[in-house]
Amino acid sequence: MSGEALLELRGVSVTFDGFRAINDLSLSLRQGEMRAIVGPNGAGKTTMMDIITGKTRPDTGVVRFAGHDLTKRDEAAIARLGIGRKFQKPTVFEALSVRDNLLLSLKGLRSPFALLLARETAEEAGRIDALLGITRLAPHARVQAGGLSHGQKQWLEIGMLLGQEPQLLLVDEPVAGMTDAETMATADLLRDINRTRSVVVVEHDMEFVRALGVGVTVLHEGSVLAEGALEAVSADPRVIDVYLGR
Amino acid sequence: MTGEFAFRGVVRTAAAVLVVAALLALGSLLPASNPLSVSPFVVTLAGKYLAYAMLALAVDLVWGFVGILTLGHAAFFALGGYAMGMYLVREIGARGVYGNPDLPDFMVFLSWKSLPWYWWGSDHVLVAAVLVLAVPGALAALFGWLAFRSRVGGVYLSIITQALTYALMLAFFQNGLGFGGNNGLTDFKDVLGFDLHQPGTRAGLLIISALVLAGAMLATRALVGGRFGRLLIAVRDAQSRTRFLGYRPDQVKLLVWVASALIAAVGGALYVLQVGIINPGEFAPANSIESVIWVAVGGRGTLSGAVIGAVLVNLGKTLFTAWLPELWLYGLGALFIATTLFLPQGLVGLGRHINRRRDEVTPEVTRPAGDAA
Ligand SMILES: Nc1ncnc2c1ncn2[C@@H]1O[C@H](COP(=O)(O)OP(=O)(O)O)[C@@H](O)[C@H]1O
Ligand SMILES: [Mg+2]
Chain A
1 MSGEALLELR GVSVTFDGFR AINDLSLSLR QGEMRAIVGP NGAGKTTMMD IITGKTRPDT
61 GVVRFAGHDL TKRDEAAIAR LGIGRKFQKP TVFEALSVRD NLLLSLKGLR SPFALLLARE
121 TAEEAGRIDA LLGITRLAPH ARVQAGGLSH GQKQWLEIGM LLGQEPQLLL VDEPVAGMTD
181 AETMATADLL RDINRTRSVV VVEHDMEFVR ALGVGVTVLH EGSVLAEGAL EAVSADPRVI
241 DVYLGR
Chain B
1 MTGEFAFRGV VRTAAAVLVV AALLALGSLL PASNPLSVSP FVVTLAGKYL AYAMLALAVD
61 LVWGFVGILT LGHAAFFALG GYAMGMYLVR EIGARGVYGN PDLPDFMVFL SWKSLPWYWW
121 GSDHVLVAAV LVLAVPGALA ALFGWLAFRS RVGGVYLSII TQALTYALML AFFQNGLGFG
181 GNNGLTDFKD VLGFDLHQPG TRAGLLIISA LVLAGAMLAT RALVGGRFGR LLIAVRDAQS
241 RTRFLGYRPD QVKLLVWVAS ALIAAVGGAL YVLQVGIINP GEFAPANSIE SVIWVAVGGR
301 GTLSGAVIGA VLVNLGKTLF TAWLPELWLY GLGALFIATT LFLPQGLVGL GRHINRRRDE
361 VTPEVTRPAG DAA
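Protein sequence lines, in the order shown, are assigned to chains A and B. Quick note on numbering: UniProt numbering labels position 161 of the first sequence as 161, and the sequence is numbered without any gaps. Quick note on numbering: UniProt numbering labels position 321 of the second sequence as 321, and the sequence is numbered without any gaps.
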């Protein structure tokens, strides 16, 4: 338990028009750890990801990743540091082919001038093929992403995350709208990813969280209500109260 | 956006532009008695349409491919036109009404004693060529840098582009600015020693316009066809997603915005050479809005549609205004509404639809995804 923290939030607060969406939140994630974040709607889970990825600036508090202060960087800089993010609503480039979505995600070229002259290399083609395999999208490589099913879009977005080769993946409600089989396959995929990368996953689906078999943090009204193994946390009377009382 | 199919039409349209321009130019050199002879008036009109097609291409590049609905692009067109106009005015030399070898007529009329500093060097064709690109390019760079870094987008950006061109129009109406006030720059005599009123010069300018337009079409096609083009579409449809992948969409937009302004500026320079006048009316907000309509009618996001739309709508305008001038604006408005309702992909989209029916195959369509993301 003594490993150096990869991601650390300390005393973070954010107010929207007088409403405290995040309230003195502290959370720390070790290198290589996977953590599930649960909590009722409006608990601040997505806002927490907005803060980590630079979309929202915290009013107060410390947000550090691998020794870098994230509160002073924009989204692109944070992404380049090695944090990838999957949105709650699957967000892929619908007018582009599945393959081109993955091509754009590949770690490496980011300056517009470099892209002007770039030709796809054999190495990149190989990386894309590998991602198509992992996400089971190989048969759809040339299809416009807008034509994929909801679950396939979720997987494509996870594939794009992997293309970035991040140290840390933030995954917001990845199994919303998935069938049971897809949900379990996604749990397997995330466990697999966790062998080489740290993961924070927000999810409502308790079966899914159980399948992940990782530590759980319960958010409520913008701060941590409970933390620990799923069994212990779900037996906590305060947690039961929050879930039943909503 | 799968390359080859989407842009097959660009090469064909560029080739058609070259062939038609060459035929008109040749026809204008035939004696008037020849049945194939083309009047110089038609050559000038065609040259004007091609200049407008450059503006339309510029608008399509930013609107069709990065989703910036510009309502002020005529500003870059007009600035390019003024830079070229300065050179043409200096070439008049002592042949002006007042016969002053150093000062353009309108400055003599204002009793100015010397050229303002920003006219220095404008009698050199290379300086003029640099100014045609540098002035609109610098303005676009400054405007784009301010707008995109502060994340102004959507309808707000459209409004400030409109404000930009309106402000420039008011400024250029001022005599004190030194660009001829509401008369603008005109009465040009020749360019590089070639008499602008000679049919041969006009034919040559039309050919040059066609070559420049075809070149610009192929260059923009290269820009949007490759990996950079994929990123443009990504920025257009899901800008914030690109940020979380580590891209900076403001830089991407700035690059395309400046490239687009340069295309419009060259169009403006070609316009002035052939139409023979540039005045503040070219900055009028309505001009920029019309250029958006040309693109919508031809087919947004297709490049060839921009050129086709600009030529056809302006041809329609020429015919219509000769016939029922007071009804033109209503006609244009009706055309825009009809396109929006019935031809969301413009004429090029309609052509593709018919082709697809005929070929009984289903190539992937490129359709701008909803802006929701
Ligand atoms: N940009 C914003 N402006 C105003 N209120 C916001 C904004 N983002 C989130 N909120 C509010 O903050 C609270 C937490 O939202 P969110 O983080 O989306 O919750 P969760 O993801 O846990 O369901 C909600 O009450 C939401 O309405
Ligand atoms: Mg949420």
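In case anyone wonders, no lab produced these hints; they're calculated from the structure. Just so it is clear, CB atoms sit at the ideal spot from N, CA and C, and this is done for glycine as well. Just so you know, not all the hints are guaranteed correct.
[Stated by the list, open to error] Footprint (simulated), chain A over chain B, 3 or more residues, beta carbon under 8 Å:
1. 228-235
2. 239-248
[Said to hold, decoys possible] Listed next, with one range per pair, are the computed distances between beta-carbon atoms:
3. B:160 to A:10: 50 to 60 Å
4. A:125 to B:215: 58 to 68 Å
5. B:116 to A:59: 51 to 61 Å
6. A:129 to B:355: 26 to 36 Å
7. B:344 to A:125: 47 to 57 Å
8. A:18 to B:281: 32 to 42 Å
9. A:117 to B:329: 37 to 47 Å
[What the hints assert, rightly or not] Chain A is faced by these chain B residues, among others (derived, beta-carbon under 10 Å):
10. 36
11. 38
12. 223
13. 251
14. 252
15. 329
Now the hints, each set against the structure:
1. With 5 residues bearing a CB less than 8 Å from a CB of chain A, the region 228-235 of chain B meets the requirement of three and the coverage assertion stands.
2. Coverage of the region 239-248 of chain B by chain A holds in this model, with 9 residues showing a Cβ closer than 8 Å to a Cβ of that chain against a need of three.
3. Take residue 160 of chain B and residue 10 of chain A: their Cβ atoms lie about 41 Å apart, and the range 50 to 60 Å is violated.
4. At about 32 Å, the beta-carbon gap between residue 125 of chain A and residue 215 of chain B misses the expected band of 58 to 68 Å.
5. Distance hint check: the CB atoms of residue 116 of chain B and residue 59 of chain A are about 52 Å apart, consistent with the given range 51 to 61 Å.
6. In this structure, residue 129 of chain A and residue 355 of chain B meet the distance hint of 26 to 36 Å, their C-beta atoms being roughly 33 Å apart.
7. For the pair residue 344 of chain B and residue 125 of chain A, the supplied restraint of 47 to 57 Å is violated, since their beta-carbon distance comes to about 35 Å.
8. Separation of residue 18 of chain A from residue 281 of chain B is about 51 Å and departs from the stated range, judged on CB atoms against 32 to 42 Å.
9. For residue 117 of chain A and residue 329 of chain B, the hinted distance range of 37 to 47 Å is satisfied, since their beta carbons lie about 45 Å from each other.
10. Violation of the interface hint for residue 36 of chain B is found here, the shortest Cβ-Cβ separation to chain A being roughly 44 Å, above the 10 Å cut-off.
11. A cut of 10 Å between beta carbons decides the hint on residue 38 of chain B: the least distance to chain A is about 40 Å, and the hint is violated.
12. Residue-level restraint check for residue 223 of chain B holds (minimum Cβ-Cβ distance to chain A is 7 Å; threshold 10 Å).
13. Interface hint status for residue 251 of chain B: upheld, as the beta-carbon distance to the closest one in chain A is roughly 5 Å, under 10 Å.
14. This hint holds: residue 252 of chain B has a C-beta 5 Å from the nearest C-beta of chain A, less than the 10 Å allowed.
15. Interface restraint check for residue 329 of chain B: the shortest CB-CB distance to chain A comes to about 34 Å, outside 10 Å, so the restraint is violated.
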